[in-house]
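*Asks:* Chains as they are written, first to last, in this note's numbering: chain A, 1 to 553; chain B, 1001 to 1160.
Please keep in mind that the hints were generated in silico from the structure rather than gathered at the bench. Please note that a few of the clues may not be correct.
Below, computed lysine to any residue pairings styled on SDA-like, alpha-carbon distance capped at 25 angstroms [unchecked claim]: (1) 1079/B <-> 451/A; (2) 1048/B <-> 539/A; (3) 1048/B <-> 544/A; (4) 1071/B <-> 369/A; (5) 1160/B <-> 439/A; (6) 1048/B <-> 212/A; (7) 250/A <-> 264/A; (8) 458/A <-> 1134/B; (9) 1079/B <-> 1059/B; (10) 1079/B <-> 124/A; (11) 1156/B <-> 451/A; (12) 1160/B <-> 1067/B; (13) 125/A <-> 1149/B; (14) 1134/B <-> 370/A; (15) 1134/B <-> 367/A; (16) 1134/B <-> 1063/B; (17) 1079/B <-> 452/A; (18) 1048/B <-> 1063/B; (19) 1156/B <-> 49/A; (20) 458/A <-> 1152/B; (21) 1134/B <-> 438/A; (22) 458/A <-> 49/A; (23) 1048/B <-> 206/A; (24) 1160/B <-> 454/A; (25) 1160/B <-> 455/A; (26) 1160/B <-> 453/A; (27) 1079/B <-> 453/A; (28) 1048/B <-> 541/A; (29) 250/A <-> 1009/B; (30) 1048/B <-> 214/A.
Derived list of chain B stretches under chain A, where covered just means 3 residues or more per stretch with a C-beta under 8 angstroms from a C-beta of chain A [what the hints assert, rightly or not]: (31) 1008-1016; (32) 1124-1138.
Note that this is a predicted model, so its numbers are computed, not measured. Every residue, glycine too, gets a C-beta built ideally from N, C-alpha and C.
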Amino acid sequence: MSTAIVSEPSGFALPQGQLNVIRWNIYFGFAVLAIGVIMGLGQALNYAQVDVVQYYPVVKSYYQGLTIHGVFNALVLTTAFANGFIALTTARGLGRKLNNALLHAAFWTLLIGSLLAACAMFADKASVLYTFYAPLEAHWTFYLGLALVVVSTWITSAAQLVALRGWRKDHPGERVPLLAFMSIATYVMWDIASVGLAVEVVVFLLPWSLGLLPGVDPMLDRTLFWFTGHPIVYFWLLPIYVSWYGLIPKQSGGVLFSDTLTRVAFILFILLVPVGFHHQFVDPGVSQGLKFTVAALTFAIFFPSLMTAFSVMYALEIGGRRRGGSGLVGWFFRIPWSDPSVAAQVLAMIAFLLGGISGLMNASYNMNMEIHNTAFVPGHFHMTIGCAVALSYMGIAYWLIPYLERRELWSPRLARFQAFLYFFGIMIFSHGLMAGGMEGMPRRTDMVHASYGLAAWKIPGIMTGVGGSLMFASAMLFFFILVMTIVAGKRTQPHDLPFSATVQAPATIGWQPRLDQLSYWVLASVVLVIAVYGPFILGHFPPRLTTAGLLYP
Amino acid sequence: MERYENAFLAACAAVLVIFLCALGYSSVAMGVHLPSRSGMIYCGAGQKLRMVLRKTPPFDHTGVQEIAPGKYQAVVIAKTWAFTPDEIDLPLGAEVRFVATSADVTHGFFIVGTRVNMMLIPGQISEFDYRFTKPGEYLLICHEYCGNLHHTMSGKVVVK
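Sequences are here, hints too, so could you generate the full structure?
*Replies:* What follows is the structure, given as structure tokens:
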């Protein structure tokens, strides 16, 4: 019954030159992740009152380490991985290569941008955390570098759209293959969402840090930041959804159920961009009506993730039953847990359930006052970005690196152990942070040197340190397996991506082909953005740039 | 299968709508309000916000004042890395309005163990009404990163 595959069926193989750019992106992303997790160990142990940052070379303070951790893991790694992985799924999905010059330009832009930002951070000239929060002021290279990181995503998006246009010309009347649709939709969502950050950096922070503007409007700047700062979460997540929808069903022996449902989920992410105000629930200067509206929109954007839970779980169930599982839950134990790529990503999904629920708690309007800026928040987002996304990256790497290197994975058993270790580590870590947060333990605070502390924070702090150490050990194991695969994996023949089939093929008549017209959804999204943000932005126009900076440090 | 799909999606939508109604109820009927728009501080070009605050009511007189019988107002200025005042004494059970702002960078204002949780943004006035029903000493902390001694920025609220 399953005939409709989500990808172009010709068995198209990317030219080696293109695979190389993709590979550089992925390796660069994992290289910065390695630095990021070393910093992360310092932060986790800090909650347990253990100061290891003092022994780190170069890093002078907790906050410098935290800035590097946030920028590298949340901004650079995620961009590098998406630029590489989504370029691959787009090209393979459409069965045509992307523009090589554009992909190279994207990679070099990302590399130069990241290095500029890294220079500022390692020189301790930019310890402003990855949220910037002017009037804390960083060196201008930090802002320029991160602007270039964003530009690299726009170049990647352009390469995708050019390829899509070419594909449409060659395939009139055909539906865009699902794998390519999901990939392109991810970047289209981000193209809209990234405008806030781009305006903040290019129009305000960069000229200000160069001395061209007298000051900043902190309220406007943080609003522009969070305009991008929430949808960026979906820019981290959607490449993982591409894997969960498009590849995991195949890897676990199942099929994806509904083509239409999948497309609708991605379209909802494009539509519901303006949700960033829910990071500003306890801000002054934003009306309660606007805050409640955005709470409702945030609840709405939870919906496509619930759709994903249905689709992906059903695909896994089909796989488990085909492999002999039976009963209400028996299938779950029959999915191929021995495959580290599947094991890692299914564990990531479990973490995402908990991460999603805790996210809904954060987004719950006045309930936010209980936990805003407490350790509950990093407890939540380490289960989403720190596990659902990061552990999926690792799971994807367990087939992607062998695919790119044409070598077998070195020790799948160790890789499977690594995935479980990471999962248990993050469960302890996030439980510690969230339990501490419920007791008012703050986030982003150097707890070792803090002038205050409560007895109730002690055990949650220790759990955070223990869980974080397990995550660190697991991440190091991951890098070890990667290196061993690259240098010592058994050589294999080239093979294709493990893309899935769907039970229901995409319809070529009726209303469904219109789902592929991304321009409709972009237009609707822009209208919603203007409706939600327009009045606020107008109220801050012209911006009052009177708050002078606190040059940091 | 499409039947299950639709049932699942309908159930999901229903759960989200119920959650949202609960939030609406807690806000409208129970009066659990978030900080909102409470005014701005105008600081002309070339003026220092710190200096402007000294002449702007209510920030020209920081500390606790009884504004009506049984009603108090606690005015606080946050500045790297201290609250002024750093001790707030309040009578048990009284209605208190916290009015606070920042004189330099973005700070936080969080009384641990309560829902007094606000951001203090330069140029914006933050307000929050609260009633302490248990006596004791509460920890007041800045919970937004504000520079390299952020972790030393704290105070206390004494309720008796």
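*Asks:* For which of the previously enumerated hints does the structure constitute a violation, in increasing order of number?
*Replies:* Hint check: nothing fails, all pass.
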